[in-house]
Amino acid sequence: MSVAGEQNQRGGINITRLLMSFGPLLFLAALVVVFTVLKTSFIDPINLFNITRQISITGLIALGMTFVILTAGIDLSVGSLLAFCGMVAAVVAKGGTANTLSLSTSGTQGYGWFAALLAAVVVGAAAGGVQGLAITRLKVPPFVVTLGGLTVFRGLTLTISNGGPISGFDASMRWFGTGLIGPVPVPALIFAAAAFLCHIVLRYTRYGRAVYAVGGNAEAARLSGLRVDRILVSVYVIVGFFAGLAAFVLSARLNSSEAVAGIGYELTVISAVVIGGTSLFGGIGSVGGTVVGAALIGVLQNGLQFNNVSSYTQSIVIGLILILAVAFDRWLKSRVRR
Amino acid sequence: MSVAGEQNQRGGINITRLLMSFGPLLFLAALVVVFTVLKTSFIDPINLFNITRQISITGLIALGMTFVILTAGIDLSVGSLLAFCGMVAAVVAKGGTANTLSLSTSGTQGYGWFAALLAAVVVGAAAGGVQGLAITRLKVPPFVVTLGGLTVFRGLTLTISNGGPISGFDASMRWFGTGLIGPVPVPALIFAAAAFLCHIVLRYTRYGRAVYAVGGNAEAARLSGLRVDRILVSVYVIVGFFAGLAAFVLSARLNSSEAVAGIGYELTVISAVVIGGTSLFGGIGSVGGTVVGAALIGVLQNGLQFNNVSSYTQSIVIGLILILAVAFDRWLKSRVRR
Amino acid sequence: AEDKLTILGSVPNLGFPFFVHMLNEIKAEAAAQGVNLTESDGQNSATKQTADIEAALVQKVNAIVISPLDVNALAPAIEEAVKAGVPVVTIDRRVDGVEGILAHVGADNVKGGEAEANAMVAAFPNGAKIFHLQGQPGAGPAIDRNKGVHNVLDPLKDKYQIVFEQTANFARAEALSVTEAGLAANGKPDAIVCANDDMALGAMEACAARNFTDVKIYGFDALPEALVAVRDGKLAGTVEQFPGEQSRTAVRIAVAYAKDKSEPKEKLVLLTPIVIGKDNLDKAERIGETK
Amino acid sequence: MSSTDAASPVLLAVEGVTKHFSGVTALSDVSLDIRPGEILGLLGENGAGKSTLLKILSGVMPPSSGHITFDGADYHPSSPQDAKRLGIVTIYQELSLIPTLTVAENIFIGRAPIGPLGLVSWRRMEEDSRAIIARVGLSIDPMTPVSALSVAEQQLVEIARALSLKSRLIIMDEPTSALTETEVQRLLSIMDRLRRDKVAIMFVTHRLEEASAICDRMTVLRDGRLAGHLDRQGGPIALPKIIEKMVGRAASELYARPAQRAVAGDVVLSVRGLRTVRDPEAPHAIVLDGVDIDLKAGEILGVAGLVGSGRTELARAIFGADRIAAGTITLDGQPIAPASPADAIALGIGLVPEDRKHQAIFAALGILPNFSVASLGTFSNGFGFMAERRERDALAGFRKMLSIRMASVEQAIEGLSGGNQQKVILARWLARDPKVLIVDEPTRGVDVGAKTEVHQILVQLAARGIAVMMISSELPEVLAVSDRIVTMRRGRITGEMPGIEANEEKLMELMALDKRDTRGPDAKEQAR
Ligand SMILES: Nc1ncnc2c1ncn2[C@@H]1O[C@H](COP(=O)(O)OP(=O)(O)OP(=O)(O)O)[C@@H](O)[C@H]1O
Ligand SMILES: Nc1ncnc2c1ncn2[C@@H]1O[C@H](COP(=O)(O)OP(=O)(O)OP(=O)(O)O)[C@@H](O)[C@H]1O
Ligand SMILES: [Mg+2]
Ligand SMILES: [Mg+2]
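Chains as they are written, first to last, in our numbering: chain A, 8 to 345; chain B, 8 to 345; chain C, 7 to 297; chain D, 23 to 550.
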């Protein structure tokens with residue numbers, strides 16, 4: 008290989024890198040342009056902030072899911088776990104399962120927002136940890152364990168709340184869902200901060216390296232001295248933590264924790280991660296991609312609703328665009344071969 | 008290697024073989040015993056036939072899904088595709104989308120059960136084929152393509168029927184859902200025949216062995232001269248065909264094709280396949296296992312219902328048993344050398 | 007307890023509070039009548055509900071009280087029960103075309119949708135700009151309620167414009183984000199008509215966030231939470247279909263027949279749905295739960 | 023051996039073939055030809071482009087430009103099937119067996135014997151495949167899944183499969199890299215027989231003695247270009263001539279025995295009575311049957327043995343990768359019981375595994391993370407953040423020291439040639455500066471030049487006081503680098519001698535008192 012070849016190679020790699028992150032981003036930009044042309048008010052700050060707030064719930068879970076999928080795992084239980092953590096948060100916030108129906112409760116009975124938040128994330132992380140242990144100790148594939156979790160957590164949630172919602176939180180808790188800092192919705196800020204943190208962890212820490220290694224080749228990782236099982240458990244703890252955090256924000260936003268919350272979220276969340284370029288076979292992917300993937304789904308849904316497209320047609324369009332976005336990304340990458 | 012060693016080895020394989028299929032089977036047997044002890048009428052032939060009829064719908068799709076998962080693929084669209092094919096069958100059977108509500112319609116307007124059946128399976132196979140082509144040509148992972156398919160087919164179904172069901176088929180069509188041959192429900196017979204056929208195809212034909220090879224290592228299969236892409240497309244055609252067949256049987260049984268049919272079936276179907284010992288990583292599995300897996304889920308649901316277990320508790324128990332069944336299977340296999 | 011009668015009480019989906027209430031009332035009435043109850047949750051699947059009926063027939067229940075998920079899809083199972091000589095009373099959703107159903111107790115969802123739209127029309131005699139949030143596409147009540155709303159509004163198209171019509175799948179979180187999009191795209195509407203209370207409460211949050219407190223929002227089902235919102239003036243109204251009364255009546259009819267073959271006085275008991283507003287809160291069945 | 027019949031027509035001719043991979047030119051204007059009944063050696067350093075050329079010929083990838091004819095007709099295969107149909111059969115460098123299927127099914131992939139009803143006859147498949155693998159000296163049960171076989175056994179299965187296909191040209195990309203002398207000899211004699219049957223063979227190997235012994239002609243590649251052709255004129259082609267063509271300068275001695283070093287120091291690692299259990303996940307693994315072994319600081323201990331003698335198991339047991347049933351391991355006088363590789367690594371033990379693709383590399387990841395994965399602690403600060411600067415500097419050092427050829431450290435490791443991948447893995451362990459380094463087939467697939475470099479590295483490590491245990495199936499290599507050599511057979515140590523006294527005959531005698539019979543009665547008894 009000649010020196011010229013080497014330099015060329017290096018240039019090639021940089022272009023690939025750029026395109027790898029730009030593929031979904033280009034697609035996102037195109038969507039925004041199309042929707043703006045269709046209806047200019049689409050890019051009103053109000054609407055854009057709406058979108059950021061809307062994607063923040065599934066986006067938070069998608070951050071955790073990125074860790075899981077990077078290890079070649081999957082977590083189907085996130086939607087149910089979100090409902091479960093939300094219910095736990097509600098019980099803690101209100102000091103019981105009794106439903107105070109007044110929407111302006113001062114919440115004196117309960118333990119306040121901080122305890123609720125703590126309860127949600129701790130329960131989420133613990134539930135994730137239990138699933139992680141089932142995966143590593145019982146050697147049951149993640150798909151199966153978390154599919155079981157999907158029904159178990161839903162059953163637990165319904166049992167706690169007896170099917171109904173628990174509603175009415177105090178203003179300090181609701182702020183996390185509905186508040187603004189300047190013009191920016193609080194949930195969007197929470198999502199941004201969490202995404203930044205996850206990016207740093209995955210990109211710049213020893214732990215992040217280990218996650219990629221385990222996903223890239225678990226056997227080689229073990230023979231390189233990584234504690235593969237611990238790392239696997241940890242990613243399910245992380246996704247559970249984020250499900251808990253998302254549950255808290257969602258409950259705060261709706262002023263209610265519902266037993267039916269989060270149904271089908273697993274597919275939205277996994278879509279966001281995969282559209283963002285993370286490989287379901289592990290080892291390849293990034294937080295930035297996931298954020299773009301979540302944004303793409305959010306923009307698509309909002310934009311179609313914005314144009315009052317019939318819900319039947321929406322389903323069809325969203326499904327096709329999902330496939331096309333990933334196909335476009337693949338095609339771009341294949342243009343610039345490694 | 009000595010002759011003694013070889014025999015030993017061979018013996019080992021047979022025992023394992025047996026246990027591999029017996030793992031879930033033992034679990035199933037245990038469940039049946041437990042439910043019978045709890046309530047003797049559980050093993051009434053009527054109830055057992057009810058169970059076989061109940062599992063036949065998801066069971067049929069699970070047969071097709073076995074092919075897909077053997078190639079390390081997945082199909083999330085089956086539930087929506089079922090609804091779509093069911094709607095197509097209804098339109099053909101009734102000659103339009105008009106809803107005749109009477110149960111005793113003679114269906115003179117439509118094209119009869121055979122045309123409906125044909126339409127359902129052809130549309131199903133074609134839809135599967137299109138997804139297969141998207142997977143092989145656009146290089147989009149099966150998870151993504153069929154997730155897109157999940158929403159696209161649902162949207163199409165709703166569009167055809169404008170949200171409502173299409174009901175009221177003639178007696179000859181309904182026979183496929185509600186008829187009996189001797190004491191045996193027709194859907195159960197269809198399922199049994201299809202399972203037998205799939206077993207023969209997978210175990211005793213070159214095509215079947217190629218499916219295993221592609222799932223074991225697609226690149227190696229390609230280097231060995233197999234037409235990997237064609238085989239991949241074919242398995243999605245097969246699962247689509249079975250979704251169509253299941254749709255026909257379901258519509259016949261309910262005397263109605265609903266736009267909301269099949270929601271969440273993908274998870275039940277994949278559970279059946281995986282509980283039956285088929286590996287989500289491809290290359291390992293069997294039709295027998297899938298049948299046992301489907302039966303296990305059916306028995307569990309029926310048995311819990313039979314004992315009037317609350318539906319919330321049912322969710323919890325089903326989720327846990329799903330995990331335990333697979334864990335038990337793993338544990339058995341790890342006890343006995345291959 | 008050997009000779010105690012057993013009845014099956016089956017509802018479409020216990021994930022929704024409406025049906026939890028319905029089953030609770032069935033339970034309470036069954037206890038009051040001194041019969042055993044086998045509970046069934048359709049889990050939003052016609053096949054599941056069918057399977058539950060089949061299991062109950064094997065167990066030889068004495069009567070079935072059922073709110074079918076889908077009247078067409080459950081018809082064959084109900085027919086089977088009738089053929090097996092088990093009396094069936096349907097609640098809320100009426101199954102046509104099956105001979106021999108003992109009785110139906112219900113309040114028509116189409117009528118409910120009409121009542122909801124009429125209440126809105128009455129509140130805006132001069133016409134209004136309307137958002138309409140529909141239920142889960144394909145689900146029976148979603149279809150019927152949608153039909154009812156359109157029955158009233160379609161002839162009045164000129165005055166009552168539906169500028170934004172989307173599904174929010176009966177879910178609060180979706181209603182919130184769908185309404186947000188609607189508000190951003192179309193500005194403030196005069197009224198939002200929703201196919202259930204959960205969506206109404208979600209829409210309410212979205213309006214509150216934009217300080218659009220004078221939008222009249224209508225829900226459906228008269229859940230306690232919605233009743234409180236109506237009381238506080240945050241929702242304009244919600245449709246009451248008396249599910250509890252329906253359930254109790256149905257159980258009474260079924261048990262009476264099962265005990266001594268006494269035919270019900272009426273084969274068809276129809277309760278007229280009403281819209282609960284601030285002024286008639288006391289008519290709401292579950293007002294007692296709002297304390 | 024008959025030399026090529028110059029009169030016979032050319033079977034396959036390659037003219038001016040070039041292949042680019044986004045910026046890299048893997049092949050540039052390469053031409054060669056081969057006739058029926060001829061064995062053509064294709065030689066060159068790691069990354070010279072040999073595998074790329076062979077993949078083009080077997081239809082895996084198209085050339086960027088150039089012209090190929092087969093049997094006088096244009097030949098543009100678009101898939102491996104096209105090649106197969108013409109009777110071109112390939113044994114790939116990266117093994118291409120299906121791990122989840124049985125040996126028999128792998129042999130009959132796509133052409134399972136069909137019974138009367140058009141259904142697959144499993145009985146015939148089993149019987150026929152038993153005969154086919156017997157040809158290459160394998161006597162395993164054909165119904166064993168391939169995933170349970172060792173690398174060497176897999177390679178033999180692959181060879182057996184290729185030989186069982188009707189072929190006019192067989193392309194072999196490093197078929198012998200995992201084999202020991204016995205199997206290699208058997209393969210060479212089969213090749214000779216095929217030559218007499220007028221089959222053409224293209225043969226790639228880094229073991230030049232082998233190539234010299236069997237090839238009629240050789241084509242040598244260097245940096246993707248043709249470096250020249252060599253012809254057997256009367257006798258075997260001499261090694262120095264080959265090396266000179268390969269590296270472009272006069273050859274030094276191939277396996278230069280490093281100057282004898284100072285006598286080794288204290289015993290660092292001591293193993294007594296080591297036994298392992300039969301692992302249900304790897305039922306074919308050799309069970310260690312009471313191994314005693316000592317490893318001294320500053321020495322290279324060579325471990326020789328036939329395929330399946332248990333050398334890999336010994337390494338894995340010491341490294342904590344497999345469960346131990348009985349026996350003790352002491353490190354620096356302290357008893358240790360590593361329950362996982364992480365434990366062993368923390369104690370200062372390193373292992374370069376034999377199966378690079380499955381056990382060592384992270385194919386999709388860059389070279390940098392591949393390099394530092396075992397030393398994340400060293401290359402990160404107290405807060406767990408990576409010190410990337412230090413990491414890059416360290417890699418740059420090793421890149422120079424081991425002359426690793428790469429475009430950039432960002433590049434995915436799968437884009438490197440096999441030899442260069444191996445060097446990255448060596449660098450991974452060197453970065454940890456272990457007390458004990460076990461290398462299992464360290465030069466598998468590594469070219470002569472690099473091989474010598476690896477040997478030098480091992481010697482330097484020993485000189486720094488590291489205890490090195492080298493498992494190798496290449497006896498010349500064992501003889502060249504080892505200070506001391508032990509031989510293994512059937513999970514037991516069968517002999518030991520100073521490197522200086524050893525020669526191939528003595529070792530072979532200790533390694534192979536009887537034929538490959540690794541699962542004999544005693545091994546089995548032990549398994550209970
Ligand atoms: N898929 C690929 N993408 C990019 N570069 C590649 C690819 N395959 C091979 N190369 C490059 O082409 C060159 C030739 O590689 P090749 O595998 O043909 O070497 P080789 O002679 O077989 O080496 P070895 O003896 O190590 O097997 C190398 O520089 C390698 O990095
Ligand atoms: N990673 C592994 N995990 C489990 N078993 C393995 C592994 N690698 C090799 N084996 C087992 O080792 C057996 C072959 O013996 P082994 O490889 O130990 O012999 P060896 O003396 O190391 O010879 P060689 O290195 O030439 O193969 C195989 O049947 C295989 O089951
Ligand atoms: Mg090569
Ligand atoms: Mg070995």
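The hints are simulated quantities; they were obtained by calculation from the structure and are not laboratory data. Hints should not be assumed to be uniformly reliable.
Below are the DSBU-like pairs computed for lysine-lysine, each with C-alpha atoms no more than 35 Å apart in a straight line [to be verified]:
hint: 1; chain 1: D; residue 1: K379; chain 2: A; residue 2: K146
hint: 2; chain 1: A; residue 1: K146; chain 2: D; residue 2: K528
hint: 3; chain 1: D; residue 1: K379; chain 2: D; residue 2: K528
To give an idea of the chain C side of the interface with chain B (calculated C-beta under 10 Å), a few residues [to be verified]:
hint: 4; residue: N68
hint: 5; residue: D220
hint: 6; residue: I280
All of these numbers come straight from a predicted model, not from anything done at the bench. All residues carry an ideal CB built from backbone N, CA and C; glycine is no exception.
Hints, one by one, checked against the model:
Distance hint between D:K379 and A:K146 is fulfilled; the C-alpha atoms sit about 23 Å from each other, no more than 35 Å. This hinted pair does not check out: A:K146 and D:K528 have alpha carbons roughly 47 Å apart, beyond 35 Å. As the CA atoms of D:K379 and D:K528 are separated by approximately 33 Å, the hinted pair is consistent with the 35 Å bound. Checking C:N68 against chain B: minimum C-beta separation of about 15 Å lies over 10 Å; hint violated.
Among the interface hints, the one on C:D220 is violated; its C-beta lies about 32 Å from the nearest C-beta in chain B, farther than the 10 Å criterion. For C:I280, the interface hint is violated, the least distance from its beta-carbon to any beta-carbon of chain B being 26 Å, above 10 Å.
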